[in-house]
Structures are given as C-alpha cells and as structure tokens.
Amino acid sequence: MHRRQVLLNMLLASAALTLPLGAYATQIRNARLWRTNDKLRLVLDLSGPVQYKTFTLTAPDRLIIDVSGSRLTGDFSQLALDRTVIKSIRSGHYGQGDDTRIVLDLTAPVQLNSFLLGPEGGQGHRLVLDMSSTAHAPVQMAELPPPVPVPIQTNKAHTGRDIMVVVGG
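Going letter by letter, the sequence shown gives residues -25 to -1, 1 to 144 in mature numbering (1 follows the signal peptide of the UniProt record, and there is no 0).
Simulated from the structure, these hints should not be mistaken for laboratory data. Accuracy of the hints is not assured; some may be wrong.
[Unchecked claim] Below 20 Å or equal to it, Euclidean Cα-Cα: the simulated SDA-like pairs (lysine to any residue) are: (1) Lys14 - Thr59; (2) Lys28 - Val142; (3) Lys14 - Leu87; (4) Lys62 - Ala83; (5) Lys14 - Val125; (6) Lys62 - Leu8.
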C-alpha cells in the first residue's frame, strides 16, 4: 500500500512538471474604459491576483503597466479611444517568466492613480487605472496692497553717543 502511494505521488509530481508554465499565469481577460469630467478610467479584468508596476515615459508620452505572472487573453481593439488621452494601446510579453507589458501611447502627460480590487459583487479581480490631466488651470494671484512704510521708532532719551567697552589688551 505504501508503495502505491509513493508511485501515485511521483506520477502527480511529474504531471505537474510537464504542464506549461503559462497554465498558471493570471489571465488579463478584458479591458473596459470610461470617462468622467475629471478622469479617464481603464479597468483590466483578471482571472486572479497579480503584482504590477507602472511608470511613465516622455517624448512621446507613454504610460507603461508591467503585470507580473500574467498573460493577455483579451484584446484592446474594442475600446473606444477617440476623444481620450490614449492614442493607442500595445501589449506584449517581456522578461523571463509570464509577464505582460501594456503600453498606452498618450496625447499628453497624465497623473495616475492605480489600485487592485479583489472579487466583489459578481466581479473578479481587477486592476484599475485612473488617469487625470496634469495640466492645471492657471492660479489667479490676488493683487498685493502697496507696501506700507514701517515707522522707525527712536528713543528720545538717547543722547546720540554710543559707549564702547574694550576688554583685554
């Protein structure tokens, strides 16, 4: 009986080693995009939890999202990018493992707020990227009142002579 258990364990272990590594990668299944008056939100629907990193590049402006241990199974072609700060979206594999890089080509720099949401309300795991414009309206400065001269006070009892004491020699 013990021998049968050892053989079964060896069989299961060898089967696990022969599965492709991509079978364990979290899938980026879908992307949704919508805009409000002050921000643009891109939501990536995921099959499980992920670790990610974002950074921006300039000349031209781009937002890069690196998602570790993931594979893109959906596509971005259905997203309506017209009249948004996103010109186009590219993606591909990078690094040694199952990592996905998503590049948003932008028309202008953005300020990013990103966060992960766990499963809730019938939704699965999600990566949320909120982008807002970095251009702010010019700040109106209030006019300063003209300078007021500060009155100089003098001591009426002062004789006008200063006393100096020299110590040492």
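To see whether the hints hold, each was checked on the structure:
| no. | hint | in the structure |
| --- | --- | --- |
| 1 | Lys14 - Thr59 | holds, 10 Å |
| 2 | Lys28 - Val142 | violated, 69 Å |
| 3 | Lys14 - Leu87 | holds, 10 Å |
| 4 | Lys62 - Ala83 | holds, 10 Å |
| 5 | Lys14 - Val125 | violated, 49 Å |
| 6 | Lys62 - Leu8 | holds, 13 Å |
In this structure, the hints that do not hold are numbers 2 and 5, in rising order.
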